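Sequences listed follow chains H and W, in order.
Taking my numbering, the leading residue of the first sequence gets 1, the next gets one more, and so forth.
Taking my numbering, the leading residue of the second sequence gets 516, the next gets one more, and so forth.
Possibly wrong hints are sitting among the right ones.
[Claimed, not checked] Residues on chain W that point at chain H, a partial pick, calculated with CB under 8 Å:
{"id": "1", "residue": "A565"}
{"id": "2", "residue": "A587"}
{"id": "3", "residue": "G590"}
{"id": "4", "residue": "T695"}
{"id": "5", "residue": "P777"}
[To be verified] As a list, the in silico DSS-like pairs of lysine-lysine whose alpha-carbon atoms are at most 30 Å apart:
{"id": "6", "chain 1": "H", "residue 1": "K510", "chain 2": "H", "residue 2": "K183"}
{"id": "7", "chain 1": "H", "residue 1": "K468", "chain 2": "H", "residue 2": "K150"}
{"id": "8", "chain 1": "H", "residue 1": "K488", "chain 2": "H", "residue 2": "K468"}
{"id": "9", "chain 1": "H", "residue 1": "K208", "chain 2": "H", "residue 2": "K183"}
{"id": "10", "chain 1": "H", "residue 1": "K498", "chain 2": "H", "residue 2": "K510"}
{"id": "11", "chain 1": "H", "residue 1": "K376", "chain 2": "H", "residue 2": "K468"}
{"id": "12", "chain 1": "W", "residue 1": "K732", "chain 2": "H", "residue 2": "K122"}
{"id": "13", "chain 1": "H", "residue 1": "K208", "chain 2": "H", "residue 2": "K142"}
{"id": "14", "chain 1": "W", "residue 1": "K589", "chain 2": "H", "residue 2": "K183"}
{"id": "15", "chain 1": "H", "residue 1": "K397", "chain 2": "W", "residue 2": "K589"}
{"id": "16", "chain 1": "H", "residue 1": "K397", "chain 2": "H", "residue 2": "K354"}
{"id": "17", "chain 1": "H", "residue 1": "K246", "chain 2": "H", "residue 2": "K281"}
{"id": "18", "chain 1": "H", "residue 1": "K246", "chain 2": "H", "residue 2": "K468"}
{"id": "19", "chain 1": "H", "residue 1": "K184", "chain 2": "W", "residue 2": "K638"}
{"id": "20", "chain 1": "H", "residue 1": "K25", "chain 2": "H", "residue 2": "K93"}
{"id": "21", "chain 1": "H", "residue 1": "K488", "chain 2": "H", "residue 2": "K459"}
{"id": "22", "chain 1": "W", "residue 1": "K574", "chain 2": "H", "residue 2": "K183"}
{"id": "23", "chain 1": "H", "residue 1": "K117", "chain 2": "W", "residue 2": "K574"}
Hints are computed from structural coordinates only; laboratory data are not their basis.
On a predicted model such as this, the values are computed, not experimentally measured, just so you know.
Don't be surprised by glycine CBs; every beta carbon is placed ideally from N, CA and C.
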Amino acid sequence: MKRIFAAVLAAVAMFAAGEAQAQKKTIVIGMGSADAGKLDPHIASTTPDKGLLQYMFNGLVRIRPGQISPDTIEPDLAESWTSNPNGTEWTFKVRQGVQCHSGYGEFTAEDAAYSLKRAANKATSSYSNDFSSVDKAEAIEKYTLKITLKNPVAGFLGYVANINGGNMVCKKAAEEMGDGFSKKPIGTGPFMFAEYQPQQFVRLVANKQYFRGAPMLDEIVYRYIPSDSSRDLAFQSGELDMIYGKQDQSWVDRTKQLAGVKVIAMEPGEMSTLFLNITQKPLDDLRVREAIAYAIDRKSIVAFKGAGTSREAVSVVPSGYLGTDEHAPLFPYDPAKAKALLADAGYPNGITVKSIHTTLTGMQTFLQAIQAQLKKSNINLDIEEVEHATYHAQIRKDLSPLVHYQAARFPIADVYLTQFYDSASIVGTPTAVTNFSHCNVANAEIRAARVETDPAKQKELWKTAQEKIIKAVCGIPVYEQLQLWAWKDNLELGYDLKGSLNLAPPITEKTHFTK
Amino acid sequence: MTAFLVRRIGFAFVTLFAVLTLVFVIVRIVPGDPAQVILGDQASREAIEAMHERLGLNKPIVTQYAEFLGNAVKGDWGVSMVSGRPVMAEVLNVLPWTIELTVVSLIIGVVLGVPLGVWAAVKRNRFFDYVARIASLLGLSFPAFVSAIILLFLFAIEVHWFPVISARSGSLGAWAQSITLPAINLGLISAAYITRVTRSAMLEVLSEDYVRTARAKGVPSGSVVWRHALRNALIPIITVVGLYLSILIGNSVLTEIVFSRPGLGKLIVGALNQRDYTMLQGMMVIYTLAVVVVNLLVDIAYGFVDPRVKLG
């Protein structure tokens, strides 16, 4: 009897040991959305879709995994590149022997040229604007790509990096599948599309032929779990290895207390700006706009949002971007001055400003805090809450004199300045993007900087632009919200994570579980 | 019976047509733009307009409507504006999930609710009646997503009996494991509902003359309650169950979200948020059909329960 018992014990022990040694090869990621959108890298614009697509695609160059600064740009599908002195002709040497997923053949300069044209095409891309300066993209040899620009473009390499329109698709696959490409995206990245279950998950498998080497993980299961609490619970029960956090400080504090868990607040920070429509009364009066700027206390907003997950805005361009003036002359908090300015402008009893705003929780609590701050300076913020898509439609029709908008962009000052402050981007015009304030005070500097090839002069132009915009109070930058994620600490990412422009931590060929 | 069916199906078509037209117009009146949702907030006005053209949204609304009806008659509901996948395929993909959750939770509701209601009526104004009434009131007023979180916390975190992500995989065991918590969550609510209706229907019947007669002639008390009284109380109960079935299909959305299950509720909320016109139109057809079919089944069931009800 004893012997049998011992044998059973030994067997159990061996089984348990075997179980423990078998390394985990599948990572399950919990994303905070109900379902996948269009899984086409040239179309996808939401955090969940971009986060997933980055595992399948490469750019000609890439921002080093875990980094967000354009300074860390390194070779990806292109081994090397050169450009002429004024930056209008770029020649890329495409890496040889890279294979497209699912047997679509070798990736060559032909594919790269096709991909860029696809990304520049209004009909097939959300990012066609980014490529409006591209004159030609052609494969001059099998592995040589030449891009000709109509004019120099600030930080051009950023547009051919592994984000948005810079993601490289395989020509044969994209042509063959047409609209169906988003159902089975084909790229060259470390993981390949395998399966989609509506409202449940997308499953990717390792691309064993990946040019940087076969991934150490076998599979990524990207699960759609819209409820914050359910995602937390599933993470706690061990059903998920990595989760997109609820974007607030209390989530961080709570999650940090779990055993064996890593919580991170990563870049990029999404900056909250209050845009004031300078063409509408009473905001057309500079003194009124200045009053509003003086009435806002950035420090207490950061205290409210959580010091570990947010930080004060430094300029009208988020901090850390190429060209951001990190010590820009923002207005200090001074309610007395705000009141005096209002009285001076003919409003001794204060003013009322309307804002149409979304009901998304994180943004909502922010604007309510702003409302309370403005009240102290006799500024009554009248918030009209509408559902998110309605908000997006109405703020683009000049219906909201004060617009609160939260955004991160490619970290070059030009992108933020162009989209939010160049008069060409004013909402309602044919070239509209997101200039809600009708700002037009820094067009000259923004446009000159875009084509300036001397980095020092370019920085100076951007600095002047930021100063002018701040002075004219087109927008009042308030704070930046970092991206919150958590994962099991037995997961080794294989790089240092500071941030990700694709808004989810990269899973590379080196990512693995240590036990 | 045949004439009845033909008439009902005729009505169903009229209803369907009216609902479709309303939905078609309303979704387009509401502010918000599917092209903006698809392209994101960095897209230029030009790109948005190009997308309108691709989606056919630049055509006059009458043309759009005519095209939509023409395709609908052919059984083509188009593709989702946002995901690009066919509408009907998307709907049919998640429909089984919704049906199974609805059916299982309704069974739980009936199995618990009918006996509880009968018993509460028999023990009117006694201790058990009070317990049943308070419990059912609680069940009705408790938000589904709160009970769902509590269930998950107790049975998936404290004791690992069930998964947090309740989506089945393969075997019958896995299926049972994944449907239990969501079905209990919805089932308890419907049980509360059914208990109340059963109780009041029974109270009415129990005071009828024929029940007193049955008792007077010495029919055993159990038989009076279950055979004489309950049978006659069934009609209101069936009506309520039928009504509740259509409510359940719609109300399962919170349960679907918290238990991370696919389902129609989630699909329609997503389509609304994204202004996915084609998807919303397809969903409305399914909902309208579901309500029409359930009502039809209820009417037919009346005939079985009460021979006096003639369908015709």
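Results of checking the hints against the structure:
1. Because the beta carbon of A565/W sits about 4 Å from the nearest beta carbon in chain H, less than 8 Å, this interface hint is met.
2. For A587/W, the interface hint is violated, since its Cβ never comes within 8 Å of a Cβ in chain H; the closest pair sits about 21 Å apart.
3. For G590/W, the interface hint is violated, the least distance from its beta-carbon to any beta-carbon of chain H being 20 Å, above 8 Å.
4. Hint on T695/W is violated. Least Cβ distance to chain H is approximately 15 Å, over the 8 Å limit.
5. Contact between P777/W and chain H, as hinted, is supported at the beta carbon level, the nearest pair being about 4 Å apart and thus within 8 Å.
6. Straight-line distance between C-alpha atoms of K510/H and K183/H comes to about 27 Å, which keeps the hinted pair within the 30 Å bound.
7. Proximity of K468/H to K150/H is assessed by CA-CA distance (about 28 Å); at most 30 Å being required, the pair is judged to hold.
8. Among the hinted pairs, K488/H with K468/H is inconsistent with the structure: their alpha-carbon atoms are about 46 Å apart, more than 30 Å.
9. The hinted pair formed by K208/H and K183/H meets the criterion: a straight-line CA distance of about 22 Å does not exceed 30 Å.
10. Restraint check for K498/H and K510/H: the C-alpha separation of about 17 Å stays at or below 30 Å, so the hint holds.
11. With a C-alpha separation of about 27 Å, the suggested pair K376/H and K468/H falls inside the 30 Å cut-off, and the hint holds.
12. Between K732/W and K122/H the alpha-carbon distance is near 85 Å, which puts this suggested pair outside the 30 Å criterion.
13. Straight-line distance between C-alpha atoms of K208/H and K142/H comes to about 24 Å, which keeps the hinted pair within the 30 Å bound.
14. Taken as a hint, the K589/W and K183/H pair is honoured in the structure, with Cα atoms around 25 Å apart against an allowance of 30 Å.
15. Taking the CA atoms of K397/H and K589/W, the gap is near 38 Å; set against the 30 Å cutoff, the hint is violated.
16. Of the pairs offered as hints, the one joining K397/H and K354/H holds, with about 14 Å between alpha carbons and a cut-off of 30 Å not exceeded.
17. Between K246/H and K281/H the alpha-carbon distance is near 38 Å, which puts this suggested pair outside the 30 Å criterion.
18. With a CA separation close to 36 Å, the supplied pair K246/H and K468/H exceeds the 30 Å bound.
19. This hinted pair does not check out: K184/H and K638/W have alpha carbons roughly 62 Å apart, beyond 30 Å.
20. Between the alpha carbons of K25/H and K93/H the distance comes to roughly 34 Å, so the proposed pair goes past 30 Å and is violated.
21. Restraint check for K488/H and K459/H: not satisfied, since their Cα atoms lie roughly 41 Å apart, outside the 30 Å limit.
22. Note on K574/W and K183/H: the hinted pairing holds, with a Cα-Cα distance of about 27 Å set against a maximum of 30 Å.
23. In summary, the hint linking K117/H to K574/W is supported, as the alpha carbons are separated by about 28 Å, within the 30 Å threshold.
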